[in-house]
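Trainee: Starting from the given sequences, assemble the full structure and let the hints guide the process.
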Amino acid sequence: MSNEQIKNLEEIFEARIARDEKIEPKDWMPEKYRKTHIRQMSQHAHSEIVGMLPEGNWITRAPSLRRKAALLAKVQDEAGHGLYLYSACETLGVSRDELYEQLHSGKAKYSSIFNYPTVTWADMGAIGWLVDGAAIINQVPLCNTSFGPYARAMVRVCKEESFHQRQGFEIMLKLCNGSQEQKDMAQDALNRWWWPSLMMLGPTDAESIHTEQSMKWKLKRKSNDDLRQQFIDQTVPQAELLGLTIPDPDLKWNEEKGVYDFGEINWDEFWQVVKGHGPCNKKRMKDRVNAWENGEWVRDAAMAYADKKEARKLKEAI
Amino acid sequence: MSNEQIKNLEEIFEARIARDEKIEPKDWMPEKYRKTHIRQMSQHAHSEIVGMLPEGNWITRAPSLRRKAALLAKVQDEAGHGLYLYSACETLGVSRDELYEQLHSGKAKYSSIFNYPTVTWADMGAIGWLVDGAAIINQVPLCNTSFGPYARAMVRVCKEESFHQRQGFEIMLKLCNGSQEQKDMAQDALNRWWWPSLMMLGPTDAESIHTEQSMKWKLKRKSNDDLRQQFIDQTVPQAELLGLTIPDPDLKWNEEKGVYDFGEINWDEFWQVVKGHGPCNKKRMKDRVNAWENGEWVRDAAMAYADKKEARKLKEAI
Amino acid sequence: MKNNNLYNYIISIADNSLILAQRLGELCGHGPTLETDIAGTNISLDLIGQTRNYYQYAAKIQGEGKTEDDLAFLRLEREYKNVLLVEQPNDHFGFVMGRQYLFDVFHLLFMTEMLNSKDETLAAIAKKGIKEVSYHKRFSGDWVKRLGDGTEESNAKMQEAIDDLWVYTDELFDLTEADKAMIADGIGVDTSKLKELYYAEISELLKEANLTVPEGKYFTRGGKKGIHSEHMGYILSDLQYMQRTYPNMEW
Amino acid sequence: MKNNNLYNYIISIADNSLILAQRLGELCGHGPTLETDIAGTNISLDLIGQTRNYYQYAAKIQGEGKTEDDLAFLRLEREYKNVLLVEQPNDHFGFVMGRQYLFDVFHLLFMTEMLNSKDETLAAIAKKGIKEVSYHKRFSGDWVKRLGDGTEESNAKMQEAIDDLWVYTDELFDLTEADKAMIADGIGVDTSKLKELYYAEISELLKEANLTVPEGKYFTRGGKKGIHSEHMGYILSDLQYMQRTYPNMEW
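Chain order of the listed sequences is A, B, C and D.
Quick note on numbering: our numbering labels position 268 of the first sequence as 269, and the sequence is numbered without any gaps.
Quick note on numbering: our numbering labels position 160 of the second sequence as 161, and the sequence is numbered without any gaps.
Quick note on numbering: our numbering labels position 77 of the third sequence as 80, and the sequence is numbered without any gaps.
Quick note on numbering: our numbering labels position 191 of the fourth sequence as 194, and the sequence is numbered without any gaps.
Hints listed in this document are in silico derivations from the structure and should not be mistaken for laboratory results.
Owing to the predicted nature of the structure, the values given are computational and were not obtained by experimental measurement.
Glycine included, C-beta positions come from ideal geometry on N, C-alpha and C.
Take the hints with a grain of salt, since some may be wrong.
Said to hold, decoys possible - Cut-off 25 Å, straight-line C-alpha distance, at most; resulting in silico cross-link-like pairs (BS3-like, lysine-lysine):
(1) C:210 with C:130
(2) B:276 with C:228
(3) C:228 with B:184
(4) D:131 with A:184
(5) A:309 with C:210
(6) C:210 with A:316
As the list claims (entries may be wrong) - Now the in silico label distances, taken between C-beta atoms and shown as ranges:
(7) D:7 with B:291: 42 to 48 Å
(8) D:82 with C:207: 52 to 58 Å
(9) A:312 with D:206: 46 to 52 Å
Mentor: Rendered as C-alpha cells:
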C-alpha cells in the first residue's frame, strides 16, 4: 500500500472511532493501535493471573466455609478474566504462549499491587475493597473503548469486579464490627494497602506516557490524577463508615474544590516495585514460571493426545 | 586355603567366641559371619535412619520449646546411631553407598514399626516408651555380642535409647496427668502402638530363621518369644502407673508362671507390613529416596571440592 | 445425641468433600494451564458447597447449637473421618487428576444411590450434587486419558500416580458401624454393592488410557476410623489456623 | 510494661533464632547426607536453646506471668519480629546453607558485641552462644565454599541462592525504636556499625567460593516491623498448631 492509501485508511479508522463505532479484529487498523492494544490487554490479563496468587494464598486458611467458597469463586473469576483477555489479545494475532513468554521473561508488566504480600485475612477484605475498587475506576471507562473485544470483555469484567469489591467491603465490615483483634487486623490491612492502591491508578499525569494517543482511542478517558481523585473521594467515606482511619495525616476535605486533599505519594517506592524490587516480585514470577515449567509435560500430553485422537478419527473416516 | 585349613580357622574362631573374646574387623572370620553381621547391622542402621522420619514429622509441631528441643536431640541421636552402625558395617568392607542402595531398592529391610504413621503428639510418647523400650530389650544383650565394633556401638546406643525411653514415658506421664483430651490422646496412642511394638520383637520362635547360628555368635541370646514376654512383663506395670489400659482383653497375670498371659498377635498384619504393604512403607521409601536423589548434586560438589583442594595442596607442596 | 449414627454417617461423607476441596485449593494459580486452574477451583467450590449442606444438616441433628464452621474447623484430627485417598498430596498433576478420578467414580455411584435415601435432606443434596459430580468425573477422566495416552513421559507419570493411589481405593467401600446402621434404616448407601461397578468402570477407562490396572491385593485404610496419613496434620494446621487462633469470632 | 523497649528488643532477637530453628527442623531426615542432617538438627537445637533463654528473660521483664511457650507459640503473626531472611524456604540445600551463612556471619558479629552489654543476662547468653554460633558459621561457610567451588551445577545453584537471599541481608542492620533505645542504654548492639564488617567478610568468602557478590541496591525488609513474607503464615500454622488446638495445657 502507498503511504497515501495508508493515510486514507487511517483517517477512515480515526473517524470511525470518533463516531464511537467499534473496531473489530478483522478490520484494518494501524500497527500502533494493534500493538498498543496487545500491550495493554495482555498487561491486564497478566495482572489477573498474577493477582490469583496473593489471594490464592488464603484459600486453605479462610476462616469460614462461606468465605472459603467466596474466595475460591473470586479467584476463579480472575482466572476467567485472564482467559477472556488473552483471547481478546489472540484476535490481534498473538498467541497466549507468546504472551506468557513475555510475562515470564519480565518483558511484560502486570499490576504492581500484586507484589505486596497478603499477611493476614484482612488483606482479603482490603484487596477486594481497595484494589478491586481502584481497578473498577480504571476499567469502567474501558467498557466504551474502541476495540470491540476489549470493550465487551470489560463489561463482563467490571460486573464481576464490582461484585468482588462489595464482597471485600463486606469482609472489612464484618471485621470492623467484630472483636478488637479483628478491628486491629482491618486497620492494619488498610494501613498497608492504602498507598499501593493509590499508586495503582498510575504515575502522576506529568510522568505518564501514552496518554494522549490513548485518549483518542478511548483506551483512556480520564487522566491518572483524575482517576486517583475519584478513587479517594469515593473511598474516604467508606472508611469512615467502617470506622477506620486512612493512614494519611494530610488527608482532609477541601470545601472549596469539593474534593479531598491528600498527602504526597512515595513515587520512589512505586518505581522500585515497577522495576521488579517489590517485596514479592521474585516470588510471584517464581510461582508463575514454576507453574508453567512444571506443567509442560501436561500440556505436551494434551497436545499429543489430541493429535492421536484426530489421527484415529481420520483413519476411521477413510 | 585348603578346606582343612579353613576348618581349623573356624574352630579357632568359634573357640574365641566361646571364650567371650571380641572379634575385630581385621581378624579372620567365616564369610557367613561377615555377611550375617553386615545384614543385621545395616538393618539396624537403616532402622535408625528411617526411624527419624515418623518422629521428624512432629518437630515443627512440638507443643513446647522444651519438647521441641528434646525431640530434635532425639532425632539427632538416631542419626548418630545410624552413623556408628554404618561405620561398623564399613569395617567389614561394605560402603555406606552400597548399603543405601540396598535400602532404596527394597533389598534391605528396616524395622517395620516405622511404617506406622505418627498421627498425634502422644505418638512421640508412645514411640519413646514402647518402641524404644522394645528396642532396648532387643539390644541390651548385643552389648556383649561377639563382633567388637557392633558390641561397642551397642553400648553407646543402649545408653542413649534408655534415656529416650525415659523421655517417652515422661511425655506419656504428662499427658496422663493432664486434661481429658490429653489422657484420651495417650490412650489412643497406646492402642495404636501396642501390637506393632509386640511384633517388633520378631516372629514367634517357630517361624524365626537364623536363630540357632545367631545364638552361637551371641547375635542373639534369648528367643523372640522370651524377649516379648520380658517386654510385656516390664511394660504392663508401667501402663498401670500411667492409668492406661493395654488394648488386649486377654491380658492377665498368670500367678503360676509369674508372667502375663496375652492375646493372639495378628501375624498377618506383621507379614503384610514386612512385605512392604504397611500404611507408610511407600512414603518412608519415597522420602528416603528423594532425600538421596535430591542430595546427589550436593555430594558431588563436596567430592569435587575435596579433589580440588587436594590438588591445590599437592601443587603447593611441589 | 439421639441420632448418633446419622451424625457420624454425614460427617464422614462431608469430610471427604472438605479435605479434597482443601487439597484442590492449594493448587490455585499453580496449575499447568489456566483452564485447569479454573476447573480445579470450580470442583473445589462444588465440594465446599456440598460440605456446607452436609455440615449444616449434621449440626442440626447434633442439636448442640453448633455451626457448619464448628464442624469443619474445630474437630481434632482423629475426629475427621474422610478416606485416606482424598488427603494424598498434589505431588504432580497426574496425582491430582488420578486422585480426583478415583474419587469421582465412587462419588457419582454413591450420589446416584443416595438419591433413593429415605432421608429427604440427603436425597436432596444428592440430587443437586449429581450434576456437579458428573462434570467432575468427566473432567478428571478426560485428563487421565490425555495423560495416559499422551506422551511417554505423561504415561509413566500417570501410571505412577495410579499405582501409588490404588492402595487407597478399597477403603471407599468399608462399612463403619454408622454406615451399617444407616443402610439398615434405608438412609445410607450400601457401598459394598458398588465395588464391582467401581473397579469395572475404572479398569475400562484405564485400559482405554493405555494404563495398566494395578493388581495389588493389599490396601491401606484408616481414614474412616480417624487414623490418617501423616499428611493430614499439615492439612488441618492450615485449615484450622484462623478458627484456632481467633476463637469464637464471626467472619 | 516498664521495660517495653527491652522486651521488644529481646523478642526480635529471639524470633530470629526460633524461626530459623523451625526452618531447619523441617529438614530433618531429608538432607543430602547423614552428616548434614546431624549438623542441621544440632544447629536447630542450639538456636532453640538460645530462644528459650531469651523468651524466659523477656517473660520475666514483661511481668505478666507468661512462660517461654506463651511467647514462642501464642503471638499473632504481626507480633513476630524476626527478619525476613530466616523465614525463607528450604528450596534446595544451597538455600539452606546460604540462608544459614548469611545469618551466621551477622549472628556471630552480633553476639560478640552483645558480650559487652550492660545487661548481664544478655551478656551471659552471648557468652554461651558465641561458641555455638562460631561452629554454625564454620559449618555453613564451609558448605558455601564446597557448593560454590564444587561442580558447575552446584556453583549455579549456590549462586542462585545467594542472589535470591541477598535482598534480605540489609534488614539485619535496621534499627527499630527499641534497638535505638537499647543502644542508648548500653544494652543493645549497634548493628549499623557491623554492616561494613559483615559485607566485607561475606564478600571475601563468596569470592573464595568462586561466587559473584550480588550488586543489588534494592533490599527487601519488613520482618522487623512484623510485616512478613507469605511463607510466615504457614510456618506459624505448624509451629502453633498444638498450643492453639489445646490451649492452657502442659506438655
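Trainee: Which numbered hints turn out to be false for this structure?
Mentor: 1, 4, 9
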